[in-house]
Amino acid sequence: DTEVTQTPKHLVMGMTNKKSLKCEQHMGHRAMYWYKQKAKKPPELMFVYSYEKLSINESVPSRFSPECPNSSLLNLHLHALQPEDSALYLCASSQSRLGRGLQETQYFGPGTRLLVL
Amino acid sequence: GENVEQHPSTLSVQEGDSAVIKCTYSDSASNYFPWYKQELGKRPQLIIDIRSNVGEKKDQRIAVTLNKTAKHFSLHITETQPEDSAVYFCAARAPTDSWGKFQFGAGTQVVVTP
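Keeping their order, the protein sequence lines are chains A and B. According to my numbering, the first sequence is numbered sequentially starting from 584. According to my numbering, the second sequence is numbered sequentially starting from 17.
A few of these clues could be false.
As the list claims (entries may be wrong) - Straight-line C-alpha distance at most 35 angstroms; calculated DSBU-like pairs for lysine-lysine: (1) K623(A) - K74(B); (2) K87(B) - K592(A); (3) K73(B) - K601(A); (4) K58(B) - K592(A); (5) K87(B) - K601(A); (6) K84(B) - K601(A); (7) K592(A) - K38(B); (8) K84(B) - K602(A); (9) K84(B) - K605(A); (10) K58(B) - K621(A); (11) K38(B) - K624(A); (12) K624(A) - K74(B); (13) K58(B) - K601(A); (14) K601(A) - K117(B); (15) K601(A) - K38(B); (16) K621(A) - K73(B); (17) K87(B) - K636(A); (18) K623(A) - K58(B); (19) K624(A) - K87(B); (20) K623(A) - K38(B); (21) K117(B) - K74(B); (22) K74(B) - K601(A); (23) K117(B) - K605(A); (24) K602(A) - K58(B); (25) K84(B) - K592(A); (26) K58(B) - K636(A).
Since the hints were derived computationally from the structure, they do not count as laboratory data. Source: prediction; values computed, not measured.
Generate the whole structure from the sequences, applying the supplied hints.
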């Protein structure tokens, strides 16, 4: 399996809802990432997990809560979001966070398109 | 930290012509430079990458060149086809940016007209 998968593909939620985004990879990668992407802009890094431990939180508001239950799964829990949080949320993985060769290449999932009303 | 500038922001080419996108980076320690192609509504897909110990890399119609002295790297697409229409992002990673953090360029919208 050489893919990163994400569910759901689309999500519409109200500002008082709680929802979760899921990401899965079976490539044996040990680093996983959450990005937020607005239309025609580059991905913006939100969180990095390395060996199931949170390594980077790019000053993301607490209404976004990441979780890495195991080396293949990454979740993003959403609560009390704002309309400006509407975006494409991308998950990515790489073999490891540092290193030489192919280890740092990041592979993206298809994303979850989120609309907050 | 690293800063990456990408030009042009939009590029229109006739089918069959070549397209060139250029990125400059600020951190001379940067050593990994991937290029991603993102079609409308789809995921960014890695199309080619280069490391600082190599000056040029080619994969069929796509090539990337790296000039470490000038701190810039470029994507070259030859014999463009309509399916090359997409947004292209360059990125750079410096060893000092731990945890695998990429700095992305702002993107180039490429339109290939038949």
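Each hint, compared with the structure:
no., hint, in the structure
1, K623(A) - K74(B), "holds, 27 angstroms"
2, K87(B) - K592(A), "violated, 38 angstroms"
3, K73(B) - K601(A), "violated, 46 angstroms"
4, K58(B) - K592(A), "holds, 11 angstroms"
5, K87(B) - K601(A), "violated, 45 angstroms"
6, K84(B) - K601(A), "violated, 47 angstroms"
7, K592(A) - K38(B), "holds, 33 angstroms"
8, K84(B) - K602(A), "violated, 45 angstroms"
9, K84(B) - K605(A), "violated, 39 angstroms"
10, K58(B) - K621(A), "holds, 13 angstroms"
11, K38(B) - K624(A), "holds, 17 angstroms"
12, K624(A) - K74(B), "holds, 27 angstroms"
13, K58(B) - K601(A), "holds, 25 angstroms"
14, K601(A) - K117(B), "holds, 28 angstroms"
15, K601(A) - K38(B), "violated, 42 angstroms"
16, K621(A) - K73(B), "holds, 30 angstroms"
17, K87(B) - K636(A), "holds, 34 angstroms"
18, K623(A) - K58(B), "holds, 12 angstroms"
19, K624(A) - K87(B), "holds, 23 angstroms"
20, K623(A) - K38(B), "holds, 18 angstroms"
21, K117(B) - K74(B), "holds, 25 angstroms"
22, K74(B) - K601(A), "violated, 46 angstroms"
23, K117(B) - K605(A), "holds, 21 angstroms"
24, K602(A) - K58(B), "holds, 22 angstroms"
25, K84(B) - K592(A), "violated, 40 angstroms"
26, K58(B) - K636(A), "holds, 28 angstroms"
Checked against the numbered hints listed earlier, the structure breaks hints 2, 3, 5, 6, 8, 9, 15, 22 and 25; every other hint is satisfied.
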